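**Student:** Please take these sequences and the hints and turn them into a complete structure.
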Amino acid sequence: MNQSRWGVLACSILLGFGLVAPTLTIVPSAGELTWLVEFLSPEDLEPTTYSILGVIEKLFSTGDEFLGVVLVLFSVLFPVGKLALYWIAAGCGSDLGRAAGLLKWTHRAGKFSMAEVFALALMVVVVKTLPGGSTAEVQWGAYVFVASVLGAILVSFGLDRSQEAKWKLNGSHG
Amino acid sequence: MSDFDAPKKPAWVGALVPVLLVLASAGLYWFFSAKGEGGGDGPPVDGSAQSLGTKLVNGKTYYLFASLIELYPKNLDGENWDLGDGGPDIRYRVLWQGNEVFKSKVKDDSLIADWSGLGVELEWSDLLGKKFSPDEIIKGARVRSTDDQHVAVEVVDGDVADDDEAGSVEILFKDLRVGTNEFKYEKTPDSAIRRVVLKALPVDSSLQDLVNLMK
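These protein sequence lines are chains E and H, in that order. Just so we're aligned, residue 1 is where the first sequence starts under my numbering, counting upward by one. Just so we're aligned, residue 1 is where the second sequence starts under my numbering, counting upward by one.
Mixed in with the good hints there might be a few duds.
Pulled from the structure, derived: some chain E residues nowhere near chain H, Cβ distances all over 10 Å [claimed, not checked]:
#, residue
1, N2
2, S12
3, P28
4, P47
5, D64
6, V70
7, L73
8, F78
9, T135
10, D160
11, A165
With beta-carbon atoms standing in for the labels, derived distance ranges [as the list claims (entries may be wrong)]:
#, chain 1, residue 1, chain 2, residue 2, range
12, H, P189, E, F60, 52 to 58 Å
13, E, P47, H, P189, 49 to 55 Å
14, H, T180, E, T25, 47 to 53 Å
15, E, S61, H, A24, 50 to 56 Å
16, H, W30, E, A136, 20 to 26 Å
17, H, T180, E, V69, 38 to 44 Å
18, E, A165, H, L23, 31 to 37 Å
19, H, R142, E, V69, 53 to 59 Å
20, E, I153, H, G27, 22 to 28 Å
21, H, A152, E, F60, 50 to 56 Å
22, E, L73, H, V106, 57 to 63 Å
23, H, W30, E, A147, 43 to 49 Å
24, E, W140, H, T180, 35 to 41 Å
25, E, F60, H, D85, 43 to 49 Å
These stretches of chain E come out as covered by chain H in the derived footprint (C-beta under 8 Å, 3 or more residues) [unchecked claim]:
#, stretch
26, 18–26
27, 81–89
Honestly, the hints are just simulated from the structure, not real lab data. Since we're looking at a predicted model, the values are computed, not measured. Cβ atoms here follow ideal geometry from the backbone N, Cα and C, with glycine treated the same way.
**Tutor:** Structure (structure tokens):
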């Protein structure tokens, strides 16, 4: 198995964990009245931790189906699809025409960066739930997700390089 | 059939590898995190404290206070509580074994009056440096639970000249639970009390347990 495929495997594992691991903890606060809210309505001050899938579930449960679908598409289906394309492209071997076609698709896919989508997901949750003075803490799942994004970018570079090398090799033989 | 002749798998079958890996690692995390959370729900409570919702124990002492009292919109005579459109100025006292054991502050112009049960104005900054005992924190009656006994909650509409009775209710200890207890009443010629929410907290709890129970 070549290096790119190992990379795709690692990114897939990271993506799987990144989607379900704790990503963001929101610690609500009511400013100077926090102590009061603590007694009158303590459940409102409970810290809430979300995973990326948790964010999506919340969007659907609160009736924001449109945003939910957008996030499912761009933070789950799209990254998984991209890794699947990389896997096939990495296994094309000397079939350069097919590999080039696939890589064109993967580069198009890369334009919808997961990092941007992730930022969008965070913003949606933060804007929708934070009252004044509340804080949001990034959890380890966010770093795992970002690692998966960066890994996918590296795999993409690796595929580009190997394709160029094959073109050169083909050219010199031709 | 030689390897050369064997039918080739379509490329999309290979594409399932990353998909399955994503699902497997997500499932693995889910499995282990669900297993880890299986231990117990809610805040830990030390051995001395009773759990929320359990019956009061005979012979044990409890803090008891009304966190909310609601009155009907008309007084016992079927008239407005105050001259004009002012609401009643609600105050209550707790009687146990015929003795007044607690008297609350007055809540002005309220049909629904609430009390936090706190004896001090707590600020988070205070909590960092100061130490409080439960007696300092809780503003309520101290009563000993006995199954066949009751406490009486007497509610008045405080006036400058003279307090007007709003009614009185008797609550048996055996009907009380640790934490929040809500009782609803019909209006009668002797009582205009619609609702009473009582909180019962064991006095031997730590401050942290009390705060958890008060939640």
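**Student:** Now look at each hint and say whether the structure bears it out.
**Tutor:** Okay, the hints, checked on the actual structure:
Once the 10 Å rule is applied to beta carbons, E/N2 is consistent with being away from chain H; the minimum gap is 13 Å. Taking the minimum C-beta to C-beta distance to chain H, about 4 Å, the non-interface status of E/S12 is violated against the 10 Å cut. With 10 Å as the threshold on Cβ separation, the claim that E/P28 sits away from chain H holds: the shortest Cβ distance comes to roughly 14 Å. Even its closest Cβ contact with chain H, about 13 Å, leaves E/P47 beyond 10 Å, as expected for a residue assigned away from the interface.
With a closest Cβ-Cβ approach of about 23 Å to chain H, E/D64 is found to remain outside the 10 Å limit, as its non-interface label requires. Look at E/V70: its CB is around 19 Å from the nearest CB on chain H, clear of 10 Å, so calling it non-interface holds up. Its beta-carbon lying about 15 Å from the closest one in chain H, E/L73 satisfies the requirement of being farther than 10 Å from that chain. Listed as outside the interface, E/F78 is consistent with that label: its C-beta sits roughly 12 Å from the nearest C-beta of chain H, beyond the 10 Å cut-off.
At the 10 Å boundary, the C-beta of E/T135 stays outside the reach of chain H, the nearest C-beta of that chain being 14 Å off. Once the 10 Å rule is applied to beta carbons, E/D160 is consistent with being away from chain H; the minimum gap is 19 Å. With a least CB separation of 22 Å from chain H, E/A165 remains clear of the 10 Å interface cut-off, as annotated. Between H/P189 and E/F60 the beta carbons are some 54 Å apart, a value that agrees with the proposed interval 52 to 58 Å.
The hinted range of 49 to 55 Å is satisfied by E/P47 and H/P189, whose Cβ atoms lie roughly 50 Å apart. Taking 47 to 53 Å as the suggested C-beta distance range, the pair H/T180 and E/T25 does not conform, at roughly 28 Å. With their beta carbons about 26 Å apart, E/S61 and H/A24 fall outside the hinted range of 50 to 56 Å. A beta carbon spacing of about 23 Å between H/W30 and E/A136 agrees with the range 20 to 26 Å that was offered as a hint.
H/T180 and E/V69 have their C-beta atoms about 41 Å apart, which keeps the hinted 38 to 44 Å range intact. Our hint of 31 to 37 Å for E/A165 and H/L23 holds, since their Cβ atoms are close to 33 Å apart. Checked against the given bound of 53 to 59 Å, the beta carbons of H/R142 and E/V69, roughly 58 Å apart, stay inside it. Distance hint check for E/I153 and H/G27: the Cβ-Cβ separation is about 26 Å, which falls inside the suggested range of 22 to 28 Å.
Distance hint for H/A152 and E/F60: a CB-CB separation of about 51 Å, consistent with the stated range 50 to 56 Å. Checked against the hint of 57 to 63 Å, the C-beta distance between E/L73 and H/V106 comes to roughly 59 Å, which is consistent with it. H/W30 and E/A147 have their C-beta atoms about 19 Å apart, which leaves the hinted 43 to 49 Å range violated. A C-beta distance of roughly 37 Å is found between E/W140 and H/T180, which places it inside the suggested range of 35 to 41 Å.
Between E/F60 and H/D85 the Cβ separation comes to about 47 Å, which falls inside the hinted range of 43 to 49 Å. Interface restraint, the stretch 18–26 of chain E with chain H: holds (3 residues with C-beta to C-beta distance below 8 Å; minimum three). With a threshold of 8 Å between beta carbons, the proposed coverage of the stretch 81–89 of chain E by chain H holds, since 6 of its residues qualify and at least three are required.
Comparing the model with each numbered hint stated earlier shows that hints 2, 14, 15 and 23 do not hold.
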